[in-house]
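Engineer: Going down the list, the protein sequences come from chains S and B. Under the numbering used here, the residue at position 33 of the first sequence is numbered 108, and the numbers go up by one with no gaps. Under the numbering used here, the residue at position 194 of the second sequence is numbered 204, and the numbers go up by one with no gaps.
These are computed hints drawn from the structure, not numbers from a lab. Possibly wrong hints are sitting among the right ones.
Unchecked claim - In silico DSS-like cross-links for lysine-lysine, where the CA-CA straight-line distance does not exceed 25 Å:
id, chain 1, residue 1, chain 2, residue 2
1, B, K295, B, K323
2, B, K323, B, K352
3, S, K77, S, K102
4, S, K113, B, K139
5, B, K323, S, K102
6, S, K102, S, K118
7, B, K305, B, K180
8, B, K323, B, K157
9, B, K289, S, K122
10, B, K180, B, K323
11, B, K139, S, K80
12, B, K295, B, K305
13, B, K116, S, K113
14, S, K102, S, K80
15, B, K323, B, K289
16, B, K323, S, K118
17, S, K122, S, K77
18, B, K116, B, K139
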Amino acid sequence: MKIIKTGMAGSLESSDVLITVDSNTGKGRNISLESTVKRQYGKQILKVVEHTLDLLEISDVTVRLEDKGALDCTIRSRLEAAVYRAAGSETYPWESLT
Amino acid sequence: MYMSEDMFEIRTLNLKREKERSALEYFLNASDLTLEEDVDYAVCLMDREKIIASGCASSNILKCIAVDPEYQGMALTNKIISYLRLRGYHRGFSSLFIYTKPENRKIFEDLGFFTIALSDEALLLENRKDGIENYLGAFQEESKTLKGSTAAIVMNCNPFSLGHRYLIEKACSENALVHLFVVEEDLSVFPFEERIELVRMGCEDLENLRIHAGGGYIISRATFPTYFIKDKKIVDEVHSRLDLDLFGSRIAPALGITRRYVGEEPFCPVTASYNRLMKSILPDKGIEVVEIPRKEVEGTAVSASRIREALVKEEWEDLEKQVPPATLAYLKSEAGMKIVQKLREKKI
């Protein structure tokens, strides 16, 4: 999938994460993480992000996460939503991800 | 009583409705804030029919963010900011700004904002870290290899006159490179696109001049919120200090600017005091302030306000002496006449 514009999903409320996805054409993945639990779960969060991007087959992207302690499933679904919005996709093939 | 944040309803206000507007005004006043005229979006958290938290926006500037003291400590600001951020995204803004008091720095930095300018009384934040680098990056290259001095001018050009031209020419003749920032905020009579276009046409022959849109970083006085300080005089100074900090600490070093040119200000007291502040702040940051006396036409200094007055009276002969040909042609065009109309209405 190709990122063509900015996509955003989530919120800054407790146990949620606000994710902004942008294009980064030809420059790989640029992921930045701010989290209230970065010290404890930073690596795990990034693992979820990388894995989700792999499944979506996205190689060039800028992702910004502002995490307020979201669970893995929340991070994954927020990221999927932000990516689909950023790709201008009208269809959401959720099932292919499970 | 136990209170949970889920008990509160989030509601977008219709500010055109007197009842909703005055409820918000009343709420803000209690927090020492006022509802500004330019606010075009307001979202509130309600405890039944009572406003307990609010957040507003005027295009991409967030303002009037407040939480009822009784409801603080429940992360209601997070909720408000989330809504404002999502709304900014849907409106297509690439970045959002907040002006606030310095003591709120931690709150907003925890909500994904980054400080871009700070003075003793005010703070400006943006929701991205690299915003200013991106903005300046495009015209940074040239400065690196340049020999000789680089100067900057900030102008509104409402509209572009021979006075502006005179100042720009002078700067161009005394420096290797000149960056001209045209204030982008569209609160002047002449729309930004047309203001900058007239500058471009009027300066085509100046090879060492670079014309830039002021963007969000050249703060215009008009956008500066008066809401957190009630005394207008202090506001002007607060604004000026913040603007000069941003210019002196971020913009000038990135572009190697060592001089800033300004026109002497014989008319407007606000601009005159801004110039005074500039002279007290910028030299400490290694920037020389060069004040140029106004160009005079028949014994009177050229000024945009004088031009606008002549326009209202349609004194074309007088205008001809004050503006370059491109500006004159524009003023005489259909678009120009519309502005004359607008100016007249304002007068009444």
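Engineer: Work down the list of hints and note, for each, if the structure agrees.
Structural biologist: Each hint tested on the structure:
1. B:K295 x B:K323: Since the Cα atoms of K295 (chain B) and K323 (chain B) sit roughly 44 Å apart, the hinted pair is violated (cutoff 25 Å).
2. B:K323 x B:K352: With Cα atoms ~13 Å apart, K323 (chain B) and K352 (chain B) stay inside 25 Å; holds.
3. S:K77 x S:K102: 13 Å, holds
4. S:K113 x B:K139: Holds. K113 (chain S) to K139 (chain B) sits at ~18 Å (cutoff 25 Å).
5. B:K323 x S:K102: Violated, because 58 Å separates the two Cα atoms, which is more than 25 Å.
6. S:K102 x S:K118: 22 Å, holds
7. B:K305 x B:K180: This hinted pair holds, its Cα atoms lying about 11 Å apart.
8. B:K323 x B:K157: 48 Å, violated
9. B:K289 x S:K122: This hinted pair is violated, its Cα atoms lying about 52 Å apart.
10. B:K180 x B:K323: Not satisfied, since the Cα-Cα distance of roughly 31 Å exceeds 25 Å.
11. B:K139 x S:K80: 19 Å, holds
12. B:K295 x B:K305: 29 Å, violated
13. B:K116 x S:K113: Cα-Cα ~17 Å, so holds.
14. S:K102 x S:K80: Satisfied, since the Cα-Cα distance of roughly 16 Å is no more than 25 Å.
15. B:K323 x B:K289: 37 Å, violated
16. B:K323 x S:K118: Given that 25 Å is the threshold and the Cα spacing comes to 69 Å, the pair is violated.
17. S:K122 x S:K77: Holds, because 21 Å separates the two Cα atoms, which is no more than 25 Å.
18. B:K116 x B:K139: 15 Å, holds
Taken one by one, the earlier hints fail for this structure at numbers 1, 5, 8, 9, 10, 12, 15 and 16, listed in ascending order.
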